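Can you make the complete structure from the sequences, with help from the hints?
Per UniProt numbering, the very first residue in the sequence shown carries number 1; after that it's consecutive.
By construction, these hints were calculated from the structure, which means they are not laboratory data. Keep in mind the model is a prediction, meaning the values are calculated, not measured. Incorrect hints may have been included.
To be verified - Quick list of simulated restraints, FRET-style, between CB atoms:
1. E261 / E71: 39 to 45 Å
2. E247 / E221: 47 to 53 Å
3. R139 / D14: 39 to 45 Å
4. L142 / A220: 40 to 46 Å
Where a beta carbon is used, it is the ideal one built from N, C-alpha and C, also for glycine.
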Amino acid sequence: MSGTAPVLLVEQRDGYRVLTLNRPQRLNAFDAGLQAVLRQALAEAGSDPACRAVLLAGAGRGFCAGQDLAEPGLTDPDVDLGAVLDRGWNALVAALRGLPKPVVCAVQGVAAGAGASVALACDITLAAEDAKFSQAFIRIGLIPDSGATWMLPRLVGPARARALAMLGDTISGAEAASMGMVYRAVPAASLMAEAESLCARLARLPADALAATKRVLDAAEGNTLEEQLALEAAVQRDLGRSADYAEGVAAFQQKRPARFEGAPE
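This is how it looks when you write it as structure tokens:
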């Protein structure tokens, strides 16, 4: 409709792209439209060689409250929530994990339910110290989803994961950082500046090595040590023949900053 604000804001920076969830009146809760637009934006970022990293953020006073329960059909007695996950949330989490570029997430305010899952699915998550993370599913008779049951135990350990999932407690960004759920907590006033600085730094690093790092770390979750050693050797073999490796070694030997292929000036 003419004059309606876009549900996702897309801004191009020097070497990276900022994607901002823009339903602040709903605490950036997702409906099917926002999910589709964000998946499309991730696909476009993935295919753009000038975009070497992605920053995901939320407009207004919260990052994301999860699923918008006001979306038609979600409270019908015969609703198929498994289908809702398959066509929406699961595809979105897979897109974030599968993007061959690092995704930084900046969490302010609320990150609840599947909104927290989206934040945890990103590669590097920064949180405001007073952000509020919650596995709120239990409060409406559901289990954590959108990858939360896979990610939480790996990030915080099984004991904390079970407590967070079963109790639905709200924890601060500072608490989330202290238990390893997120990379770092920072003062709210500096959150976006810190996140953008991280993205600018990632944009100057070797893109192929970053994509490979993301891929092998994900593979490690299901590999034996022997399988992971073999994968590391295979990936390192390819990277060792790259122009970025040659540049990195030359820069090290010449005691100068490296200038990797395609990196912004």
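Here's how the hints hold up against the structure:
1. A hinted range of 39 to 45 Å holds for the C-beta pair E261 and E71, which are about 43 Å apart.
2. Between E247 and E221 the beta carbons are some 31 Å apart, a value that contradicts the proposed interval 47 to 53 Å.
3. As the Cβ distance of R139 to D14 is approximately 42 Å, the hint placing it in 39 to 45 Å holds.
4. Taking 40 to 46 Å as the suggested C-beta distance range, the pair L142 and A220 does not conform, at roughly 29 Å.
Violated hints, listed in ascending order, are 2, 4; each of the other numbered hints is respected by the structure.
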